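Residue numbers (the working numbering), protein chains in the order written: chain A, 1 to 418; chain B, 1 to 418; chain C, 1 to 418; chain D, 1 to 418.
Treat each hint with caution, since some may be false.
Because identical chains share one entry, a pair is satisfied inside a single copy or across any pair of copies.
Said to hold, decoys possible - Within a straight-line C-alpha distance of at most 20 Å, the following computed EDC-like cross-link-like pairs (lysine to aspartate or glutamate) qualify:
| # | residue 1 | residue 2 |
| --- | --- | --- |
| 1 | Lys30 | Glu46 |
| 2 | Lys243 | Glu46 |
| 3 | Lys398 | Glu376 |
| 4 | Lys136 | Glu376 |
| 5 | Lys158 | Glu90 |
| 6 | Lys243 | Glu382 |
| 7 | Lys327 | Asp297 |
The set of hints was computed from the structure by calculation and includes no laboratory data.
All of these numbers come straight from a predicted model, not from anything done at the bench.
Protein chains: 4
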Amino acid sequence: MSKNQNLGVMIVGVSGAVASTAVAGIELLKQKTIGTEGLPLAAMPENLTANLPAYENLVFGGWDMSDEDLAAAAVTHNVLTLQQFQAVSEQLEAVKPLPAVCNEAFCHNIEGKNVRVAENHFAAVEAVCNDIRQFKIERDCERVVMINLASTESYIDKNSQTFATLADFEKALGENSNEISPAMIYAYAAISEGAAYGNFTPSVAADIPALVQFAEQRGVPLAGKDGKTGQTMIKTVIAPGLKTRALKVAGWYSTNILGNRDGLALSHPDSLKSKVMTKGSVLDDILGYTVEDHLVDIRYYRPRGDDKEAWDNIDIVGFLGQPMQLKINFLCKDSILAAPLVIEIARLLAYAQRCDESGVQSQLSVFFKLPQLSNEAAEKPEHALHAQEAMLVDWLTKYAAQPTRGKGRSKKAKAASE
Amino acid sequence: MSKNQNLGVMIVGVSGAVASTAVAGIELLKQKTIGTEGLPLAAMPENLTANLPAYENLVFGGWDMSDEDLAAAAVTHNVLTLQQFQAVSEQLEAVKPLPAVCNEAFCHNIEGKNVRVAENHFAAVEAVCNDIRQFKIERDCERVVMINLASTESYIDKNSQTFATLADFEKALGENSNEISPAMIYAYAAISEGAAYGNFTPSVAADIPALVQFAEQRGVPLAGKDGKTGQTMIKTVIAPGLKTRALKVAGWYSTNILGNRDGLALSHPDSLKSKVMTKGSVLDDILGYTVEDHLVDIRYYRPRGDDKEAWDNIDIVGFLGQPMQLKINFLCKDSILAAPLVIEIARLLAYAQRCDESGVQSQLSVFFKLPQLSNEAAEKPEHALHAQEAMLVDWLTKYAAQPTRGKGRSKKAKAASE
Amino acid sequence: MSKNQNLGVMIVGVSGAVASTAVAGIELLKQKTIGTEGLPLAAMPENLTANLPAYENLVFGGWDMSDEDLAAAAVTHNVLTLQQFQAVSEQLEAVKPLPAVCNEAFCHNIEGKNVRVAENHFAAVEAVCNDIRQFKIERDCERVVMINLASTESYIDKNSQTFATLADFEKALGENSNEISPAMIYAYAAISEGAAYGNFTPSVAADIPALVQFAEQRGVPLAGKDGKTGQTMIKTVIAPGLKTRALKVAGWYSTNILGNRDGLALSHPDSLKSKVMTKGSVLDDILGYTVEDHLVDIRYYRPRGDDKEAWDNIDIVGFLGQPMQLKINFLCKDSILAAPLVIEIARLLAYAQRCDESGVQSQLSVFFKLPQLSNEAAEKPEHALHAQEAMLVDWLTKYAAQPTRGKGRSKKAKAASE
Amino acid sequence: MSKNQNLGVMIVGVSGAVASTAVAGIELLKQKTIGTEGLPLAAMPENLTANLPAYENLVFGGWDMSDEDLAAAAVTHNVLTLQQFQAVSEQLEAVKPLPAVCNEAFCHNIEGKNVRVAENHFAAVEAVCNDIRQFKIERDCERVVMINLASTESYIDKNSQTFATLADFEKALGENSNEISPAMIYAYAAISEGAAYGNFTPSVAADIPALVQFAEQRGVPLAGKDGKTGQTMIKTVIAPGLKTRALKVAGWYSTNILGNRDGLALSHPDSLKSKVMTKGSVLDDILGYTVEDHLVDIRYYRPRGDDKEAWDNIDIVGFLGQPMQLKINFLCKDSILAAPLVIEIARLLAYAQRCDESGVQSQLSVFFKLPQLSNEAAEKPEHALHAQEAMLVDWLTKYAAQPTRGKGRSKKAKAASE
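From just these sequences and the hints, can you work out the full model?
Structure follows, in structure tokens:
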């Protein structure tokens with residue numbers, strides 16, 4: 001098998017702004033009408049990335065509560081320029097979302113009609129597994145990666161006994177426990193099918209010990225959580241610099257305004273809690289002390305649509321205890337920042353699987369607000385963007401130096417097929 | 001000899017805002033009325049910095065065209081709070097600037113009456129050497145470091161034949177060449193006396209090959225140039241982050257307003273040219289491509305006094321070629337940012353000399369806008385703040401691991417004294 | 001009687017940051033160590049203001065839940081420079097707050113021990129009346145004005161039947177109704193004593209019909225409410241300009257960070273509701289249409305103390321329906337902006353009373369976020385700052401042109417004394 | 001004759017971004033695909049504007065050094081959305097610029113080939129007059145208005161003896177004086193033909209006494225100069241508000257970045273001088289005192305194209321002499337702000353002529369950075385935007401109340417035709 005085979009990317013929330021932008025981007029890259037701006041791995045030395053699935057080999061599918069095909073979705077989200085839309089509308093039209101597994105207790109403010117009603121949790125899992133198997137065959141994929149881009153779920157306690165071991169979790173599945181969220185159903189199904197799983201949302205899903213254990217057993221890589229795109233990305237660039245200069249952060253006020261569907265979902269307090277929690281600890285972890293006045297606001301503000309704006313005010317204390325201020329205003333585009341990271345996560349998870357890596361892939365920390373770790377009790381996540389990038393480069397360098405690894409089917413896969 | 005002996009810090013421009021703030025800061029640290037905010041080495045693991053001269057052992061002197069003692073200067077510069085001033089006014093009063101070597105052709109807009117008129121360049125050098133020797137004895141210093149904090153000199157071509165070798169330079173000295181600037185006179189004198197030399201200004205002085213050669217011959221460490229304090233510091237934090245995300249910089253407009261004596265000097269176009277040149281290449285070097293629309297303005301604006309404000313607008317291009325903007329507004333205090341760096345440079349140069357290092361100390365890059373390199377033809381300077389910090393940490397780690405080094409007089413010094 | 005007699009200014013919340021700044025300001029003006037920056041009437045043509053009480057004739061007293069004298073309060077609030085504090089500390093020390101009338105049901109987050117426990121509402125009114133009478137005699141005042149600077153009270157419905165007529169209100173007083181808030185007790189007492197009443201807070205108090213009726217009966221001027229200092233003041237400057245250019249406001253996001261006692265009180269949701277409501281309608285009233293996405297946030301953020309910062313993002317639509325953005329960042333000082341308005345309100349209310357005006361003084365609109373009107377059902381408040389200023393100038397011009405008016409005791413007062 | 005007849009708008013610089021946006025806007029209004037956002041008179045009470053030429057009756061022509069038709073120009077300037085362009089491309093294509101009168105001594109940085117070479121000044125005037133006469137006939141216009149939108153000319157001294165009287169000026173014309181700029185040629189020709197003249201650029205042209213005298217003689221209205229669109233417009237909104245609150249402006253730093261052809265022309269120092277001068281006095285005139293530190297920068301910055309960004313920092317001093325700061329960031333679109341003002345100026349000049357007004361029309365001040373006055377020696381221009389708006393509303397109200405005026409041909413015109 002060659003690296004030219006298709007990599008299937010199945011997205012939970014495939015009609016969303018980020019997913020439709022990612023799909024459009026890959027099509028535009030194939031047409032060579034856009035460059036590789038915003039794609040982090042495209043800017044790295046080629047020898048490090050030569051064995052990753054090519055951008056052009058990504059094929060997309062997935063689930064959504066909306067039944068809009070991706071052309072219709074792209075019109076709604078209004079991220080593409082008119083020329084870009086016209087250039088890829090046919091290809092976007094061809095991507096039609098499968099009906100989503102949905103559970104009203106976990107999803108707020110978003111009405112959807114494209115929903116699969118499953119009798120119980122196991123039936124839901126089986127339905128998702130079937131979707132994966134069928135997509136893999138239809139699109140002739142070497143492998144499939146699942147990426148969670150669904151709206152943020154309500155906050156749940158991942159340390160619940162229900163999630164402690166795979167056995168506990170499967171017992172709860174069987175009992176149709178209402179502690180189990182849709183995101184967990186998807187993740188469980190992905191792992192069952194040997195599909196690597198990337199969690200781009202703040203939802204706790206693959207974080208739970210039961211699913212980490214399951215992924216390790218099945219040789220499936222995991223990565224998460226919460227894509228680090230706008231304000232938090234900038235925060236993890238600025239904070240290390242302030243630390244280098246020993247400038248004490250006395251307060252950091254962050255506010256965000258955004259007007260897309262993601263913003264609407266966040267206007268529900270429960271979803272906001274999940275979101276703000278993934279934003280919270282970043283700063284203290286980088287600085288090495290607690291910033292008492294670290295405030296984070298997110299407001300749904302329609303005039304901007306998918307454009308997003310962050311304003312940060314940082315109060316710092318320098319030599320002689322004297323105060324200074326740094327203010328950062330980021331006028332960004334949510335999907336434009338997020339979509340290329342989704343693409344890179346998919347490629348890297350597929351590559352990790354080829355290299356026989358399984359379980360949590362902490363070298364993907366650079367893409368996440370709250371990097372998932374293999375051993376959360378023992379380790380602390382790295383948040384500084386430059387240090388996270390170094391982790392990824394080191395990992396890529398290691399496999400680039402092993403010419404027999406990561407170039408085709410994995411050993412396990414080969415063994416299995418022989 | 002123990003590490004508790006005095007480190008003499010002789011400053012060219014000792015009545016300026018930065019110097020008087022540094023002197024006040026050390027006195028306040030002795031009184032334990034301020035913390036170590038803003039002092040980068042104080043935030044590092046103690047084992048790395050244990051053998052450096054203690055903050056409390058720094059003693060200050062130097063030259064200035066103004067004859068104000070540092071208490072009077074501190075009133076003029078208005079950087080200290082009233083309480084801070086009252087706490088150290090006596091100690092500041094005791095620091096009286098020696099008359100400066102001045103040459104009207106190189107210094108603009110600054111009128112000074114505290115000037116030493118020397119018959120010729122050699123006589124000027126001898127006068128500075130004498131000042132250093134006398135200060136060392138009077139203040140009982142283990143060693144002396146010279147720091148250049150004078151106003152920016154006019155831009156000169158450091159590749160002139162006059163500066164190519166030590167022999168060329170000394171010939172020009174003898175001929176009283178008007179290519180030789182006051183800053184070169186000071187640097188030449190410092191090296192003659194075995195005093196390490198740090199250049200915190202944009203002036204070309206110790207950059208010239210002749211003086212690098214001289215420093216290497218005499219076993220004297222050098223470091224420069226142009227302290228990286230406000231806008232450029234932030235620039236070297238932000239730009240690497242944009243590179244990590246492959247966000248293309250389409251334009252970067254930087255403007256500064258400041259109202260101190262430094263700002264007044266920069267209102268002379270020649271001085272501004274030196275300044276803007278040290279700010280210029282930073283961005284392209286970090287990003288790896290040329291930013292065509294990189295504009296840098298500096299304006300003298302009195303309402304702020306020593307407070308300084310930078311506003312940056314960055315136009316970036318992301319995925320799908322779509323534009324975004326990042327704006328940074330830094331309300332900072334020039335001397336509050338600069339003074340602690342001056343202190344650390346002095347300590348590190350003294351430590352480097354103890355460790356028998358000589359010539360250009362590129363591990364001090366983290367403190368400079370345009371880091372001086374040993375071999376400018378072959379190497380490229382590192383500008384990313386996090387990478388510069390790593391260079392310094394690596395160097396400190398190397399010597400921290402050599403218990404017999406850097407703890408007292410250097411081998412050379414010992415050999416010389418036997 | 002001459003205009004040189006004292007004007008007594010009795011403040012509810014006299015130990016707060018605004019009150020102590022106002023008192024200090026008047027003392028510094030007497031010493032001629034500050035100019036008249038920030039005092040709107042000082043910048044007007046002198047003929048318009050010649051008959052107002054002189055700044056130097058203001059004498060201050062009042063009530064507070066804190067028993068700190070104003071020197072201690074000024075240290076807490078940290079608004080004065082050290083020199084300013086030293087220059088007036090003796091005078092500030094002399095102002096000791098009378099115990100406050102307090103009712104736990106209406107005041108949140110603020111613990112106070114300097115509280116007068118009254119048996120019932122009438123007893124509380126009588127206590128306040130006594131305080132006013134005694135202050136007037138002790139400080140030899142021509143008249144007394146009461147200004148409400150207490151922390152914002154919980155939102156109440158001013159259209160309740162309890163407040164509909166003076167008779168209703170007095171009946172409820174007698175029944176010790178818990179609908180009656182402390183602010184109403186103070187206002188009722190002031191009017192009883194013939195003291196004009198200015199409401200600088202968002203609390204509904206003198207807005208209620210019962211008290212307006214009472215004030216008209218007794219010949220007492222009223223003005224309110226909610227001092228227009230920072231963000232809203234700027235909003236009422238910018239919005240008329242956008243209207244002049246027919247630039248449509250598609251959205252306006254306003255956020256505030258502040259760290260003083262006022263900010264702490266606002267962190268209680270009920271108080272915040274009162275505050276945000278007074279900020280809300282301003283924009284729509286000026287523009288003449290409803291701005292759907294008008295969001296206002298206020299956050300308690302300690303690093304700033306009394307300094308306050310507002311950030312506004314305005315999305316506007318221009319010719320061809322094309323979007324533009326205007327962003328405003330106001331780094332202001334709450335008490336520095338508020339205190340001079342309090343002083344001017346006191347002077348103008350006293351002058352209005354001299355001129356035999358009674359009831360609501362809408363010509364004072366320029367000082368308030370939500371100007372009180374005589375006939376709220378029939379009129380709409382003017383919010384544009386320039387139009388409000390014109391209202392005040394017109395009113396001043398009218399009385400300046402009547403040489404026999406407003407120069408001494410009022411006709412009514414004269415008649416009463418004859 | 002009815003008000004439905006065409007108003008010919010002949011533009012000097014008709015291929016520029018502002019002109020092509022104005023033409024496109026009128027066409028889109030006819031198609032009812034855009035609203036009237038940004039058109040100041042459309043937001044006024046209808047009775048005030050009922051007798052003005054209708055937006056739909058404007059027909060455009062003019063001169064340009066570029067020979068691009070307006071469709072090609074619109075592609076270059078990139079102001080219209082793609083849909084807007086497609087909707088009006090045919091109509092834009094029909095507007096082809098007449099060759100411009102050009103004189104290399106006055107026009108910088110702009111290369112043009114669509115130039116009329118006239119033997120001497122009188123021949124040039126005659127050529128322009130002919131163009132006007134022919135356009136009026138071809139497009140069946142009731143009257144023609146000329147608007148100057150050409151690139152800013154070099155600064156000249158309008159008090160030169162050459163410009164003192166009409167006789168002096170005509171003598172200099174005959175002598176082919178090189179003091180006479182192209183803008184003066186156009187203005188002289190317009191007045192000769194009875195066409196009202198509006199100067200939207202900073203160029204001194206109709207400001208000179210000779211041409212004012214000529215316009216008064218011929219019954220032709222004039223208005224200028226320099227359209228008040230972005231930063232200066234906001235400045236004249238903010239400054240009056242600061243004055244109302246007696247907040248002293250200690251410094252005002254304004255910087256602009258823009259990337260259109262206008263920005264390129266301004267990169268020539270002479271043109272910049274004209275521009276900065278029209279921006280300069282505004283602030284002091286409004287405030288009533290001189291702001292010593294009022295700095296204005298304009299930088300050519302390509303990434304923005306026609307988008308323009310202004311950043312203002314205002315240092316203000318409030319009560320107790322304490323400093324505060326206000327910062328304003330305006331992300332605007334040059335042509336989107338300018339084009340509707342051009343349209344309104346044309347309509348108002350035509351209406352003024354109908355009402356028999358002639359000479360300088362100071363009631364149009366609201367549209368200009370440096371309003372032209374009838375008697376510059378005696379009067380001071382009004383700069384506050386709200387006061388300028390009031391001047392215009394008063395004037396409109398006056399003529400709206402005179403039912404027999406301003407509804408058709410003027411008395412003079414009628415008399416002339418009889």
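Now the hints, each set against the structure:
no.: 1; hint: Lys30 <-> Glu46; verdict: within (19 Å within a copy, 54 Å between copies)
no.: 2; hint: Lys243 <-> Glu46; verdict: between (32 Å within a copy, 16 Å between copies)
no.: 3; hint: Lys398 <-> Glu376; verdict: neither (24 Å within a copy, 32 Å between copies)
no.: 4; hint: Lys136 <-> Glu376; verdict: neither (33 Å within a copy, 56 Å between copies)
no.: 5; hint: Lys158 <-> Glu90; verdict: neither (42 Å within a copy, 60 Å between copies)
no.: 6; hint: Lys243 <-> Glu382; verdict: both (15 Å within a copy, 19 Å between copies)
no.: 7; hint: Lys327 <-> Asp297; verdict: both (15 Å within a copy, 18 Å between copies)
Checked against the numbered hints given earlier, this structure breaks hints 3, 4, 5; the rest are met.
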